[in-house]
Amino acid sequence: MATRPIICPPIPANGWIFFKSNFGLEEDYANTTFFNLKDLNFGVVSYSRLRITLKRTKSIKLSQTDIATEGFVRWIAVKVQYPAPKNPILYAAQTPIIPGVPTPTNGTPQIQKYIYWTYRGNTYNLGDMMVLTGNPLGSTDSEVTGWNLSQDNFLYSDGGIIFQNPHTDFDVKLEVLVAK
Amino acid sequence: MVNITGGDLDIYGGDSGGGSTGSNNPFFGLGTAKVGLDPGLTASFETQYTLVALNEAGLNRVNLTFSDFNDPHYVSFYNTSMNVSWQAETLDKLNLSDFFYPVQSFSGYQMQTFVMSPNTSINLDQGDFDTTLGEIGLLVARAQFYADATENQRMLYWQYGGSDRYIMADFMMLSGQVKNGQVWKGWQTSNDVSSEIGYTGAATGGFIFSNPTEYQVKLMVLTAS
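Protein chains in written order, with the numbering used here: chain G, 1 to 180; chain E, 181 to 405.
Treat the hints as calculated values from the structure; they're not laboratory data. There's no promise every hint is true.
Quick list of in silico lysine to aspartate or glutamate cross-link-like pairs, EDC-like style, CA-CA up to 20 Å [to be verified]:
| no. | chain 1 | residue 1 | chain 2 | residue 2 |
| --- | --- | --- | --- | --- |
| 1 | G | Lys61 | G | Asp171 |
| 2 | G | Lys20 | E | Asp272 |
| 3 | G | Lys61 | G | Asp158 |
| 4 | G | Lys58 | G | Asp39 |
| 5 | E | Lys273 | G | Asp39 |
| 6 | G | Lys20 | E | Glu269 |
| 7 | G | Lys55 | G | Asp171 |
| 8 | G | Lys180 | E | Glu269 |
| 9 | G | Lys173 | E | Asp278 |
| 10 | G | Lys55 | G | Asp158 |
| 11 | E | Lys398 | E | Asp305 |
| 12 | G | Lys38 | E | Asp278 |
| 13 | G | Lys20 | G | Asp39 |
| 14 | G | Lys38 | E | Asp272 |
| 15 | G | Lys180 | E | Glu331 |
| 16 | G | Lys38 | E | Glu331 |
| 17 | G | Lys173 | E | Asp272 |
| 18 | G | Lys61 | G | Glu175 |
| 19 | E | Lys398 | G | Asp39 |
| 20 | G | Lys180 | G | Asp66 |
| 21 | G | Lys55 | G | Asp169 |
| 22 | G | Lys55 | G | Glu175 |
| 23 | E | Lys359 | E | Asp308 |
| 24 | E | Lys398 | E | Asp328 |
| 25 | G | Lys38 | G | Asp28 |
| 26 | E | Lys359 | E | Asp328 |
| 27 | G | Lys58 | G | Asp171 |
| 28 | E | Lys273 | E | Asp251 |
| 29 | G | Lys20 | E | Asp310 |
| 30 | G | Lys180 | E | Asp272 |
| 31 | E | Lys273 | G | Glu175 |
| 32 | G | Lys58 | G | Asp169 |
| 33 | G | Lys38 | E | Glu269 |
| 34 | E | Lys398 | E | Glu331 |
| 35 | G | Lys180 | E | Asp251 |
Pulled out of the complex, with its shape left as it was, chain G reads as follows (with noise of 0.2 Å):
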């Protein structure tokens, strides 16, 4: 009687990762500690958290201009969610084709990870994730510092930055967490 062969999960790539309070670097089983982030207390004020699927080839601007002071965020954190293999057990696996199992595929290849963000008409890429943080006052300096969230039509302009995801074949889901 056939049965069905025993896969075993391939060997963890190594690469960059959060663990607990740190960021580091995970390779052959052994984290390496290169960022202790325990100490990183960052004092806000409010908070907004958002959820956003962005459909291929479209933008979306980020605008919070409610929970800004004059329209400037200290703290923007973002996460981007790509398709992900069907069965991350299989994934980077070579195996056949098994009936009854889902095809596995590597999900979205790891040079199409990335979007576009602008930012005053400068675009940027973005990868996998992006935290930019600020003080909305700063003593150093007579103008206002910080981030600029505003929506276009308010009081303080030229704020806000826009996600667009270029690919057309795939969406992407962003995480988003702003606070003052």
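Using the hints provided, position chain E relative to the given structure of chain G.
Same frame as chain G, but now just chain E:
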């Protein structure tokens, strides 16, 4: 002694009879003839008392109203999440357990630590990212400020590619994607200094961090391709 009665509240003022022996307290003393409060044109007023605590547990409500409620909220990292916390509660979180930036066959990384003097700038070293033609796909920066620095002095500026300057406080993370042997969708670290003979100006490319404060700042920057 004269009792000035306004609604349910009694205010005891002094009268002339106790003038020589009382304290200087105009409200409760006995030594002045002045009334405690000038009743003005609207002498009568109402004071309502609310019983806020019937027992010890009820005192928590009082404490919540006047003390705990004003405790600050924090964004912090714990349990592999970015959390918004208030006191012992986690109000919301951004799960980071699925974040993974792979080390590929052509990848490299570099960790740089700077101590920046007041009112100075530094060019981030472009490192050895030849396989990606100077591009990186991950930049993580952590700044540690002088302990006495106020909140508004906990800031740096960063500039990329000669464009606008942006602000950074304690932490920053940027990401993109790199490709072996090509310029792809990452962040270019090449300083792009002019090759003109005698050029002494600043670099126009890559990353430049500036410390506009009057204190030293320790800055750690991780770059990875």
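Taking the hints in turn, this is what the structure says about them:
no. : hint                 : verdict
1   : G:Lys61 to G:Asp171  : holds (16 Å)
2   : G:Lys20 to E:Asp272  : holds (16 Å)
3   : G:Lys61 to G:Asp158  : holds (12 Å)
4   : G:Lys58 to G:Asp39   : violated (38 Å)
5   : E:Lys273 to G:Asp39  : holds (17 Å)
6   : G:Lys20 to E:Glu269  : holds (17 Å)
7   : G:Lys55 to G:Asp171  : holds (5 Å)
8   : G:Lys180 to E:Glu269 : holds (19 Å)
9   : G:Lys173 to E:Asp278 : holds (13 Å)
10  : G:Lys55 to G:Asp158  : violated (25 Å)
11  : E:Lys398 to E:Asp305 : holds (16 Å)
12  : G:Lys38 to E:Asp278  : holds (19 Å)
13  : G:Lys20 to G:Asp39   : holds (12 Å)
14  : G:Lys38 to E:Asp272  : holds (17 Å)
15  : G:Lys180 to E:Glu331 : holds (13 Å)
16  : G:Lys38 to E:Glu331  : holds (19 Å)
17  : G:Lys173 to E:Asp272 : holds (18 Å)
18  : G:Lys61 to G:Glu175  : holds (14 Å)
19  : E:Lys398 to G:Asp39  : holds (15 Å)
20  : G:Lys180 to G:Asp66  : holds (10 Å)
21  : G:Lys55 to G:Asp169  : holds (9 Å)
22  : G:Lys55 to G:Glu175  : holds (14 Å)
23  : E:Lys359 to E:Asp308 : holds (15 Å)
24  : E:Lys398 to E:Asp328 : holds (14 Å)
25  : G:Lys38 to G:Asp28   : violated (25 Å)
26  : E:Lys359 to E:Asp328 : violated (44 Å)
27  : G:Lys58 to G:Asp171  : holds (9 Å)
28  : E:Lys273 to E:Asp251 : holds (19 Å)
29  : G:Lys20 to E:Asp310  : violated (33 Å)
30  : G:Lys180 to E:Asp272 : holds (15 Å)
31  : E:Lys273 to G:Glu175 : holds (10 Å)
32  : G:Lys58 to G:Asp169  : holds (12 Å)
33  : G:Lys38 to E:Glu269  : holds (17 Å)
34  : E:Lys398 to E:Glu331 : holds (16 Å)
35  : G:Lys180 to E:Asp251 : holds (15 Å)
Hint compliance for this structure: hints 4, 10, 25, 26, 29 are not met, and every other hint is.
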